[in-house]
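Required output: the full structure, derived from the provided sequences and hints.
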Amino acid sequence: MSAIKAVLALASAPIAIGIALWAGFDVEKNDAELPLIHRAEGFVGEQTCRRCHPDQYETWARTFHSTMTQRVDPATVVGRFDGAPVEFYAKFAKPYRDGDRFFMDLPEGDTGRRVAEVALAVGSRRYQQYFERVERDSGSVLRRLPILWHIDAQRWMHLNDVFLHADNPEWNAHAAIWNQNCIFCHNTGPRPGYLNQERKNEIVADPDRSFDSHVASLGIACESCHGPAKEHVDIYRSVAARYFDHFASSNDTHVVNPARLDHERSTGVCGQCHGQRIPNPVENHYRWRVTGPTYRSGNRLTDHVTPVRIDTKLPGGTGDEFALRFWADGTPRLTAYEYQGITTSPCYEKGTMSCLSCHVMHGGDVRGQIEPEMRGNRACLQCHEDIGTDVQAHTKHGPQSTGSQCMDCHMPRMVFGVVEIHRSHKIEIPNPARDAERGRPNACTLCHLDKSSLWAADKMREFWGDAYVRPKSRPDKAPLELPDSVASILSGDPVQRVTYAKACGAEGSALAPEDAALVRVALHATLLDAYPSIRWTAQKSLLALEARLSTGIEPALLDWRHDGPKGTRESVAKRFLAEFQQRSTSALRAPLPTTLLSPDLAPDLRAIIALLDLQSGRAIHIGE
Amino acid sequence: MTDMALRKTVVFGWYLLAISLPAGLTLEALHALKVQVYLGSDMRRELWTLAHAHGNILGILCLVYAVVADRYLRDEQNIAAISRWLRVGSALMPLGFFLGGVLNFEGDPSLGVLLVPIGGLCLLVALVRAALAAR
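Protein sequence lines, in the order shown, are assigned to chains A and B.
Here the first sequence stands for residues 0 to 623, where the numbers follow numbering that gives the first Met the number 0.
Here the second sequence stands for residues 0 to 134, where the numbers follow numbering that gives the first Met the number 0.
It should be emphasised that the hints constitute simulated quantities derived from the structure, not laboratory data.
The beta carbon of each residue, even a glycine, is placed where N, CA and C say it ideally should be.
Treat the hints loosely; a few may be bogus.
[What the hints assert, rightly or not] To be clear about the criterion: a stretch of chain B counts as covered by chain A if any three or more of its residues have a C-beta under 8 Å from a C-beta of chain A, and this derived list gives those stretches:
1. 38–52
2. 97–108
[Unchecked claim] Not close to chain A: a few residues of chain B, all C-beta gaps over 10 Å, as computed:
3. 6
4. 32
5. 127
Below, the structure written as structure tokens:
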């Protein structure tokens with residue numbers, strides 16, 4: 000009897016553990032059974048990876064990749080759902096919360112209202128967008144709601160006002176469908192599950208479409224970069240296999256490590272999302288919208304997709320479908336074209352540079368996925384060591400000047416996305432004539448904001464020789480003698496305008512605060528721009544300039560709403576311009592030569608309007 | 000013989016505590032100093048915490064055993080043998096946990112962790128024999 004008791008005592012703990020494991024919560028199983036999740040095509044999900052790679056899991060979980068797409072609950076929703084009305088274009092929404100559920104009371108048609116329940120949240124860094132679930136005859140769609148929460152600004156914004164679009168009072172103009180758009184690049188292993196295949200010849204969006212969509216993981220998880228891991232997991236469940244391969248230093252782990260790929264394939268891993276593309280061949284579009292893209296990490300990206308370039312033509316198209324997404328010389332000017340930038344850079348074409356030359360996925364600053372030192376010259380000096388020995392000899396700028404920062408000249412900020420201006424990922428040498436003649440920003444004048452492209456060309460020739468010539472004209476026909484920034488803000492196309500408007504407020508520019516009179520006048524005029532995102536950028540830059548040298552306009556500027564009612568907004572902006580001289584004479588110097596401003600800082604409104612009239616009549620509408 | 004065996008166990012218990020308690024302070028210091036080599040590896044943190052905890056508990060167990068063995072266990076030879084199993088097991092378990100966290104790779108401990116089941120077996124033998132000897 001005693002022996003039996005002893006055995007029972009010894010066995011009780013293992014038995015209890017066994018029962019608890021059998022009956023207890025299984026996080027992997029639970030994940031696999033959640034709505035929207037699939038485990039097809041060898042995907043296993045990040046919780047399975049976590050078992051053996053807890054450290055890599057943790058370093059991924061802190062990134063914005065991991066929270067790119069999230070289910071809606073109080074822990075994931077960052078917007079203010081407090082029931083307060085939010086007004087845009089003379090209509091209002093009321094985001095509110097009921098327990099753990101989130102809703103928006105929205106305008107419907109001219110006078111009606113409707114309530115939408117938030118079912119999915121996309122984005123977690125700059126802004127968070129919300130989607131409602133709409134049931135259809137078979138299947139459903141997740142449709143984007145018209146307002147989003149801007150995280151830095153801590154305010155609601157209308158979708159129209161964060162894209163590069165002119166004012167548009169149509170509230171539902173941007174009601175994109177997650178299942179046929181966002182699903183591809185904001186999730187892992189997307190399978191859109193298009194249910195109307197009998198209409199397979201339609202390329203144009205159809206409001207009657209419905210889907211049974213699934214993804215391996217919401218957000219960008221392990222298998223986006225490392226490939227589907229089922230085979231890897233099946234093999235390495237065995238302790239013996241793990242230890243054997245560890246001590247044998249085996250590289251054949253049946254999963255992809257992008258750091259061990261050649262630079263072309265490694266860059267393709269990021270390029271599958273950070274490079275807008277169409278299927279290759281384009282007919283694969285039909286397959287994509289059912290079972291998703293065919294590319295898997297480690298493949299050659301161009302075997303599966305055609306990266307979109309300035310002259311990419313869709314079947315039956317005109318050939319300029321994508322032209323507006325690039326500067327006239329083919330350099331990308333929107334985010335999500337970083338792949339196109341890097342793959343047309345000499346560092347990639349003639350060298351072995353890949354995204355991982357500068358970026359890290361499991362470390363560094365999650366804002367940019369980059370180690371802090373790679374934000375500076377260290378990134379370039381990895382290869383260009385000789386320049387590092389005497390930076391000034393190469394840059395012709397003081398060693399502490401922003402002009403001695405490699406990226407400020409070779410990767411200038413001239414790419415629009417998420418209401419910000421980002422660095423170009425096409426690494427190149429600035430050329431004022433090329434840039435002015437093709438209507439694109441120039442690295443020199445993005446910093447020397449009071450200088451013209453003629454000045455920049457002369458400086459380049461002085462520094463680097465006769466290969467650098469003066470530009471002959473600008474596409475918008477604005478005078479070349481004007482500061483490039485002012486000409487571009489007033490006469491450029493929307494991407495030029497927003498790029499230079501942003502540059503005017505940037506830290507570290509070569510513009511002395513007291514010499515910013517002309518730039519300020521141009522920014523004031525931009526408060527009347529037709530594009531709300533450009534107005535907001537101009538407002539923020541004016542506030543930045545005001546913070547450096549006050550003319551007393553800050554309180555009024557803070558009160559001004561770039562997305563407020565048109566009448567009030569424009570009358571106040573015009574008043575700002577009218578009061579400029581009175582406010583500025585004691586603080587700002589007149590530019591030399593005096594263009595657009597009299598020596599006593601009176602704006603020449605006639606000349607400003609003449610420059611504004613040079614803006615292209617061609618509307619540019621650029622979403623994400 | 001009994002006295003000698005129990006004295007060895009007492010000395011061993013104190014030494015084990017003398018090592019394991021400062022180990023805890025060291026782990027705290029690694030937290031305070033944010034030492035990445037320690038904090039950056041979940042596996043290492045878990046194994047070294049286990050080494051610290053097991054060292055302390057088993058050190059105390061050795062001391063308790065030395066106090067109660069003479070009073071409740073029969074048979075001198077048994078007491079001496081149990082003492083040996085207990086000392087060996089108490090040494091191997093924390094040592095195995097510690098070594099498992101040295102040169103470990105991400106998802107698995109290093110081979111030093113093999114000392115843990117061996118130590119556990121020794122402790123199990125000591126426990127069963129002690130239970131039988133106390134009847």
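Taking the hints in turn, this is what the structure says about them:
no.: 1; hint: 38–52; in the structure: holds (count 4)
no.: 2; hint: 97–108; in the structure: holds (count 4)
no.: 3; hint: 6; in the structure: holds (29 Å)
no.: 4; hint: 32; in the structure: holds (19 Å)
no.: 5; hint: 127; in the structure: violated (7 Å)
The structure does not agree with numbered hint 5 stated previously, though it agrees with all others.
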